[in-house]
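S.K.: Sequence:
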Amino acid sequence: MENLRNWWSDLHYTNAQKRSLALVAVFVLATSSFFILRSSSPSEAIAPPTLVVDVAAAEIMIDVQGAVNRPGVYTLKVGSRVVDAIKAAGGVTKAGDPSDLNQARIISDGEQIYVYAKSSSANSTSSTQSTVKVKPKSSNFLLINRASAKEFEALDGIGPVLASRIVSYRKANGPFTTIEDLLKVPGIGAGTLSKFKSKLRV
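Going by the numbering used here, the sequence shown opens with residue 4, and the numbers climb by one from there.
Hint data in this document are derived by calculation from the structure and do not stem from the laboratory. The structure presented is a predicted model; accordingly, all values stated were derived computationally and were not measured. Keep in mind that a hint or two might mislead.
What the hints assert, rightly or not - For lysine-lysine, the following BS3-like pairs were computed, each having C-alpha atoms within a straight-line distance of at most 27 Å:
#1 K174 / K200
#2 K174 / K80
#3 K153 / K174
#4 K80 / K153
#5 K97 / K153
#6 K187 / K198
#7 K174 / K187
#8 K97 / K174
#9 K153 / K187
Produce the complete structure using the sequences and hints provided.
M.R.: What follows is the structure in structure tokens.
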């Protein structure tokens, strides 16, 4: 300690310079001690974030009815299409006619897909012999989920353009659930629908 004092006294610095040198030395020692103590302490383990997967959200329930081999409610993957729902129900029967369905359309949860029977008289016998009850095409009413564009044209106030819009809307969005759903088709208002509403059936 005496040697250190003598060395400090023999330094050719002013008192102000010696104080500055002392402060720098203390700062270096304090900083070094901090990093040494920090590196020697055990590191805290960081738990990885918990990944929660909602399994229920990856599935949807679809009701498939009509001219299919196994009508009922089925669970499918999100993003499934109409064709997948029909396959799950065992496919279309010989009496069925899926031509009015857009089988490439992506279906949503809770939706019902209905496959109607063929409307020709040649297939009426096979339709009645089928164990699956299907809705036949009525001669008195127009089935909005089965009618063609030409059949819609026969209604008052419906021309070729509007009839084509109805069929296109049905293929893109699925079967109509009520007659009033026709109001969603561009160009059909309440006044137009009232002219032929009594002639329609779902």
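S.K.: Which earlier hints can't be squared with this structure?
M.R.: The structure conflicts with hint 4 only, although it agrees with all the remaining ones.
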